[in-house]
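S.K.: Residue strings, one per chain:
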Amino acid sequence: MKKDSMLYVVLFTFVVCAVFTLVLAIANEGTKDLVAANAEFATQSAVLGALGVPFDGKADAAARFAGAVSPGPDGPRRSWTARVDGADYVAVEQAGPGLWGTITVILAATPDGERVRGVRVVSQNETPGLGGRVAEPWFIGQYEGERSPGGRVGMRAGAESSGAADPDKENGRVDGVSGATRTSQSFAAIVDAALARVKEIGGER
Amino acid sequence: MKPSKAVVILKDNLWSNNPIFIQILGICSTLAVTNNLSNTLVMTVGVALTTAFSSMTLSALKGLIPRKVRMIVQVVVISFYVILIDILLRAYLPEASRQLGPYVGLIITNCIIMGRAEAFAQANPPFLSFWDGLTSGLGYMAVLMAIAVVRELLGFGTLFGLRVMPAGFVPWTIMIMAPSAFFLVAMVMWWAKSMQAGRQAAGKEAKK
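Residue numbers (this note's numbering), protein chains in the order written: chain A, 97 to 301; chain B, 8 to 215.
In short, the hints are calculated from the structure, not lab data.
Please read these numbers as outputs of a predicted model, since none were measured by experiment.
Hints may contain errors.
[What the hints assert, rightly or not] List of simulated lysine to aspartate or glutamate pairs, DMTMM-like, C-alpha gap at most 20 Å:
| # | chain 1 | residue 1 | chain 2 | residue 2 |
| --- | --- | --- | --- | --- |
| 1 | A | K295 | A | D184 |
| 2 | B | K69 | B | D19 |
| 3 | A | K265 | A | E210 |
| 4 | B | K12 | B | E125 |
| 5 | A | K295 | A | D208 |
| 6 | A | K265 | A | D208 |
| 7 | A | K295 | A | D156 |
| 8 | B | K75 | B | D93 |
| 9 | A | K154 | B | E125 |
| 10 | B | K75 | A | D100 |
| 11 | A | K128 | B | D93 |
| 12 | A | K128 | B | E102 |
| 13 | B | K200 | B | D19 |
| 14 | A | K295 | A | E240 |
| 15 | B | K69 | A | D100 |
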């Protein structure tokens, strides 16, 4: 068959595409379970982290998750109810716009939404070193045990921010990341939205 | 003794025809990933492997590929390897995969891969093409890692995420953002070009 004939070109392209796609499909199928397990571990570790439950490795995380957490009511986004150290908590996944892209967090709080248990950032695309610092422990740690009167946690962003973590857990306020005012404000909005959903789910029970 | 072809290719791709500072290819990824050493390492290993394997595959197929669809086949082969790397990263290095995000997929747009496929693999046997692709990737990796060391050290005060700068060190925010990669790439080019120019001049002097 001539190499430049229409038939050869079509056949060759078809065969090449079919072969390479087949290999990819096999690779995808072969690693599907592993990828799903990774995603599940990522979610479990974020929920456990927000609930303040320590864990050691994948198996331990799965066991503790199964022991303390149960899935919440069906909704547009995932939610969980949990019992930790004899107290009830509600955890929700919440996403909202950041400065560059969507920020997704998992937030755990008391069912009345009046006190945050903890927050974990699942994914964010903020400026590395500036807005990206919202995922750092010093920032996220401010929310641990923070009072949230009326289901809101204030954010001191921009000029009001001291640029360091706010140690007072009773004032219902956290300090923003200096140099990342917009990200801090967006983050506060996502937290408030998450708290509203916690209240909704907590009130139903 | 005349150096073997493999050695010549190695030297070419690492120094005298380096993809970054001589051919100026793959600059976009240089700006994107070099603020963090671990991401840079994963990304450049991905590029080196993709270039090597796609060059080898295309070289092996070169007798069969009709001219009309040459580019299409190249793109199919390159994207095949990129998607394969993406799948493997997601399964075995989920943390790196999450951090690199869309950049893994963007390996496909790295001009070095297409450049080597067109310029070298078209006319050379598979194993030599593999070597050429791998060493091109290494030349790319060497420059990117050097830039990433400077950017991570000054931008975060860390290397591979480990703190090396004293506690009082104020990070240079500019180093984390894309512009600093422009400055650093330009400085690397300047340095390499003047080195090469200096050597050429010295060589001419010696011949006289």
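S.K.: Look at each hint and say if it fits the structure.
M.R.: For each hint, the structure was consulted:
| no. | hint | result |
| --- | --- | --- |
| 1 | K295(A) x D184(A) | holds, 13 Å |
| 2 | K69(B) x D19(B) | violated, 23 Å |
| 3 | K265(A) x E210(A) | holds, 12 Å |
| 4 | K12(B) x E125(B) | holds, 19 Å |
| 5 | K295(A) x D208(A) | holds, 5 Å |
| 6 | K265(A) x D208(A) | holds, 17 Å |
| 7 | K295(A) x D156(A) | violated, 29 Å |
| 8 | K75(B) x D93(B) | violated, 29 Å |
| 9 | K154(A) x E125(B) | violated, 45 Å |
| 10 | K75(B) x D100(A) | holds, 7 Å |
| 11 | K128(A) x D93(B) | holds, 13 Å |
| 12 | K128(A) x E102(B) | holds, 17 Å |
| 13 | K200(B) x D19(B) | holds, 14 Å |
| 14 | K295(A) x E240(A) | holds, 18 Å |
| 15 | K69(B) x D100(A) | holds, 14 Å |
Going down the numbered hints, you'll see the structure goes against 2, 7, 8 and 9, while the others check out.
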